[in-house]
Amino acid sequence: MGVACAADEMKLAVTTSFHNSGLSDVLLPEIKKDLGLEVQLLVVGTGQALRLGAAGDVDAILVHSKQAELDFVTQGNAPHRTEIMYNDFVLVGPSDDPAAVANAKHIVEALTAIKTASHPFVSRGDESGTHKKERALWHAANEDPTTFPSDWYMAVGAGMGASLNAASGMSAYILSDRASWLKFGNKGDLALLFAGDEALFNQYAYLPINAQTHPHVNDKAAHALENWLISDRAKDLINGYRLNGEVLFIFNAKP
Amino acid sequence: MSLSWVFSNAGSLNVEALTPKTVTMNDILQGLISAFHLIVTLDPDLIEISLRSLYVTTSAVAIAAVIGLPFGCWLAVRRFRFRRLTIAVLNALMGLPPVVVGLIVYLLLSRSGPFGVFGLLFTPTAMIIAQVVILTPLIASIAHQAIRDLWAEYHDLLISLNTTRGQRIRTLLWDGRRALLTAALAGFGRGIGEVGAIMIVGGNIDHVTRVLTTAIALETGKGEFALALGLGFVLILLAIAVNLVIHSLSKTEVSGRW
Amino acid sequence: MSLSWVFSNAGSLNVEALTPKTVTMNDILQGLISAFHLIVTLDPDLIEISLRSLYVTTSAVAIAAVIGLPFGCWLAVRRFRFRRLTIAVLNALMGLPPVVVGLIVYLLLSRSGPFGVFGLLFTPTAMIIAQVVILTPLIASIAHQAIRDLWAEYHDLLISLNTTRGQRIRTLLWDGRRALLTAALAGFGRGIGEVGAIMIVGGNIDHVTRVLTTAIALETGKGEFALALGLGFVLILLAIAVNLVIHSLSKTEVSGRW
Amino acid sequence: MVGSILPLSLHQVEVRKRGKRLLGPVSVAFPSDGFTMVMGPNGAGKSTLLKTIHGLERTAAGQIEWNAPQQVVRARQAFVFQSPVIMRRTTRENVAYPMIVRGMQKRAASELAQSWLERVGLADAAERRARVLSGGERQKMALARALITDPELLFLDEPCANLDGSATREIEHLLQTAHTSGIRVIMATHDIGQARRLATDVVFLHKGQVQEHTPAPEFFENPQSGPAKAYLNGDIVE
Amino acid sequence: MVGSILPLSLHQVEVRKRGKRLLGPVSVAFPSDGFTMVMGPNGAGKSTLLKTIHGLERTAAGQIEWNAPQQVVRARQAFVFQSPVIMRRTTRENVAYPMIVRGMQKRAASELAQSWLERVGLADAAERRARVLSGGERQKMALARALITDPELLFLDEPCANLDGSATREIEHLLQTAHTSGIRVIMATHDIGQARRLATDVVFLHKGQVQEHTPAPEFFENPQSGPAKAYLNGDIVE
Ligand SMILES: Nc1ncnc2c1ncn2[C@@H]1O[C@H](COP(=O)(O)OP(=O)(O)OP(=O)(O)O)[C@@H](O)[C@H]1O
Ligand SMILES: Nc1ncnc2c1ncn2[C@@H]1O[C@H](COP(=O)(O)OP(=O)(O)OP(=O)(O)O)[C@@H](O)[C@H]1O
Ligand SMILES: [Mg+2]
Ligand SMILES: [Mg+2]
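So the sequences go chain by chain: H, B, D, U and F.
Anchor point for the first sequence: position 143 equals 143 in the numbering used here, and the numbering is continuous, going up by one each time.
One gets the numbering used here by counting positions in the second sequence from 1 and adding 255 to each.
One gets the numbering used here by counting positions in the third sequence from 1 and adding 513 to each.
One gets the numbering used here by counting positions in the fourth sequence from 1 and adding 771 to each.
One gets the numbering used here by counting positions in the fifth sequence from 1 and adding 1009 to each.
Since the hints were made in silico from the structure, they are not lab data.
Any given hint could turn out to be false.
Said to hold, decoys possible - Restricting the straight-line Cα-Cα distance to at most 30 Å, the calculated cross-link-like pairs of lysine-lysine (DSBU-like) are:
(1) Lys1115/F - Lys791/U
(2) Lys877/U - Lys1115/F
(3) Lys791/U - Lys978/U
(4) Lys1029/F - Lys788/U
(5) Lys235/H - Lys115/H
(6) Lys788/U - Lys1026/F
(7) Lys788/U - Lys978/U
(8) Lys235/H - Lys254/H
What the hints assert, rightly or not - Computed Cβ-Cβ distance ranges for the label pairs, DEER-style:
(9) Gly245/H - Thr571/D: 44 to 54 Å
(10) Pro557/D - Gly196/H: 56 to 66 Å
(11) Ala136/H - Pro557/D: 37 to 47 Å
These numbers come from a predicted model, not from an experiment.
Ideal placement from N, C-alpha and C gives every residue a C-beta, glycine not left out.
Based on the provided sequences and hints, a complete structural model is requested.
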């Protein structure tokens, strides 16, 4: 197992949805045990994580926004992109389900139902991976969310937790990643209404920062972590992580 | 929100093409450029959120002043047993963490909360309520400080004239208005730059509750640092303008020492 | 971070079983309970982040006071052409949006920024720097306000005694120390509750840069309101304790009116 | 007026600050009529005595007995302080203030204030901010502010210290008129000539103690106590 | 001392506040030696004249000429204000302050202050916060604070207004000694007896104008101007 770099430390920027899932609380102590590496998490928005990486202020990033990640690599900020695991997005809403999305056959139908009912819907509106996914889904439904009136389509421009808080306060529908939703402590009247569509697939990837442009980054630690994340050890931990009996993440790295 | 086009426009200097060392300085420069763009083009979104910022903060300052100024004054005038403790608590409440205030107001206004029926959550009114909670101790504390010295000066006369406590407070508020203005302006400053509480109770909803600070937080999260900075500069300019207008209206610094 | 166990402990009242109307009140109650738990069990994580909060804020207040108090005093003593503008700008800077300050400090301290070589980003030092930027105008402005009146009182004497400007400033700072203490305490309050800037430059890294406010923001994001509120109450208690200690050490409210 | 607040008497009154006794024990009676002069060297406690009777100092011991309930007593007195309290207003507003506090209309109070400013010779300064007044002008203003309420009992703490000769004479005339019209006056002064001209009786204080309380002619001709003798001679009072 | 800052002369000096002329145009010369008394009715501009010479008021017109460069001039004067400025310190610290400012060691300054407090008869009050001093005690403190710097030119604005008879006599004695030891004094007072005892010459002010500047004996025996005559008679000065 990896190179043991005693009492080493590195900084990893992650998105709120990853951190909120609680998986990091399981993984970090194990990484410390196995690699002697202390991973310091910076929990920020996707865009901010990419900026921190581009500036060389962190040693690696873990995000879920494929196109942005590819651009990041193209611009030379990271040598490569490694897919680690995925989870899925779920549609959450008021438990009495006024727009009847629970019966929808697929996510596009569910979203259309919400629009037809003009029932409050909270959008992250912050260019995060989740937001981009939501927008893509609307486009798949041939809708342009920028034209939606703000009396029901509410772009709250905030992180996952804050957006869920808003949805909970308003009894609104919202697209969330499963992990954040399960871990969320302020569910109020909300319930998970729709999930399982293939279109809701959510891939997380790890990108070490380019040590050529940023010689000060802890390249060794970043690579040690990468090797650990794609190892069987990580696979067991990730696949074994459960919340309320539910599996949250599925390991899909190709070692 | 159309603000982002400004960033793309201003971004015609290719950030990625620059050497790493200058990247962040370039961000600050671009922040200035985008602030300039936003202002000269009278960007309608900018105007909307700026006006909302002003509306929320001035309303909150007005309400907080109506509560905090007489209270601070009363504290200076009245001797009672737990005065010292009250003052220490008041000073400490200047440091009320906005996030906590936001949370409590959220819980109270939430649909399932005691005031849920009014449907105030995620409205500008909720933001005003949260800001009033934050600003009142601040304004009261600075007012108390200013009035305490004036009261020491007036003490003998006002007691001798057999004034009621209400008259004393009114007299001190009126004669100390110059110092109290600073208290109100401090409150305005604190309010206009505040984000933690209003983010939670307002929700930063586009065209409904988005204000300058929440927009800045949003752009920061997006990594759009230049636009965030641009909005920040607009906010600072706004605060300076308000201060200048108030100062020249009240002629505080002109009329010399009273 | 082990803080979450407290919530689970305190959460033995089953939230879901309660009717909606009482849910939020229950949150506040649980906040109080978890604050109590955290304190009586001397939770080591709580102690760690509380001490870090105190360290960051007191350092920032100390530095900001060393800069801001003499500057505010100097502004009161010195007449110059752009005095009014300077004061208006200073007042406006009280409202510096923390997020903007955080961003600028981030850009400066970033590896790609001019001071990147020092590797200060995401350290308590960076948080102190950001807070100094926020607190200095606040402290200077309140100090200016307080010293202005004292200067009006001392003006003739100090001019008559042919004091240098430095001597005047020192004399006013010393004789006005009671009022200046309020300025410093206002700074402390602002600093200890601040989250926007230190979140950006500190990064809220567990065991490295996590402080009370960033922990509160984190728990709020998780929807763990009771724990967030609990930490908030701890923060408020801390602020009250600091105020009481300072007040009784300085005997400000005891010694009557100087 | 429904009955007088006077006579007034002090029984073993003491004033202490930080454990130090500034005044007393003092027992002295003030009958309904008279122009009492409180005299004594610097720091003897004259101002303290006046303020104590007026209710501005907390007594550490003893009683002050009035002929009326406390609320009535408080409303029928006026005090001219040794260093006038200057409100951050114009001179006229300063003088009108006590009437405004008593519920008079602003306009009426302002007119009344103007007439009082004329009587103390300060009409010119009515619109000036009181802060810029000269030392003598401040004293005149304070006097007008006290007299405007038409008090039953008037305390004066060295009200002519900064006045020129003619102003002193006019103010003395004003005070004499006030006294004959029924106002009870208790005044502190160092001006022996003035005391002779105005006083009906003298309370002589020394080190916080009343040395004697004598009718004026007797006091000036033949003071009883040693300190009073020395004081009248302009000698150091031991 | 390296040469005197005196003589001093004013040429057409004017002081204006908000467009209103408070003083002047005043032309008057002060020779190196003397004890000049500035007299005139309340509001005549005495305090303004003293402060203007001392450099506390901005002149709107005219020049003030000294026999030394400005920096030297500023350092060799002291001023006792009509209402003493009380620093928020103890009495002794108040008196020591000017010496501390001049760079004296704290201990030495404190000892010197104590000796001056004794000379003005205020030794008892040394440890007291100056704020609690009585009116007369404040004036004594201000005097000690001015004399401690051993100035070449001393301004006194009604320094004995609140003093009792014996204190007045002692302070007069102190001033006389100071004068004979070479200190130039410019003083304002309303006490004609005091002016007679101390003055070598009198500047008589009225409505901001110098009416006359005459040697003292002449002034008191035979004042030239109408206003001065009225003033000395205690009549209203028109
Ligand atoms: N709070 C205090 N603590 C200690 N001493 C005090 C306090 N207040 C007043 N004194 C002292 O009490 C004495 C009496 O003061 P008071 O003002 O009554 O004197 P006075 O007779 O009016 O003198 P003057 O003629 O100078 O005005 C003074 O020596 C003063 O310094
Ligand atoms: N800033 C100002 N604006 C208008 N008038 C002023 C201002 N300052 C002073 N005065 C007026 O100027 C006049 C002269 O004041 P000054 O203090 O010199 O008088 P004085 O001769 O010392 O009188 P006193 O004997 O009463 O002390 C006074 O009438 C005063 O009200
Ligand atoms: Mg007195
Ligand atoms: Mg004067």
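Hint by hint, here is what the structure shows:
1. Lys1115/F - Lys791/U: Holds: lysine 1115/F and lysine 791/U sit about 28 Å apart, inside 30 Å.
2. Lys877/U - Lys1115/F: With a Cα-Cα distance of about 54 Å, the restraint between lysine 877/U and lysine 1115/F is violated, given a limit of 30 Å.
3. Lys791/U - Lys978/U: holds, 12 Å
4. Lys1029/F - Lys788/U: Distance ~46 Å between lysine 1029/F and lysine 788/U Cα, so the pair is violated.
5. Lys235/H - Lys115/H: violated, 39 Å
6. Lys788/U - Lys1026/F: Violated: lysine 788/U and lysine 1026/F sit about 42 Å apart, past 30 Å.
7. Lys788/U - Lys978/U: Measuring from Cα to Cα gives roughly 14 Å; hence the hint holds.
8. Lys235/H - Lys254/H: Holds - the C-alpha atoms of lysine 254/H and lysine 235/H are around 11 Å apart, at most 30 Å.
9. Gly245/H - Thr571/D: 44 to 54 Å: holds, 46 Å
10. Pro557/D - Gly196/H: 56 to 66 Å: At 42 Å between Cβs, range violated.
11. Ala136/H - Pro557/D: 37 to 47 Å: holds, 45 Å
The structure does not agree with the numbered hints 2, 4, 5, 6 and 10 stated previously, though it agrees with the rest.
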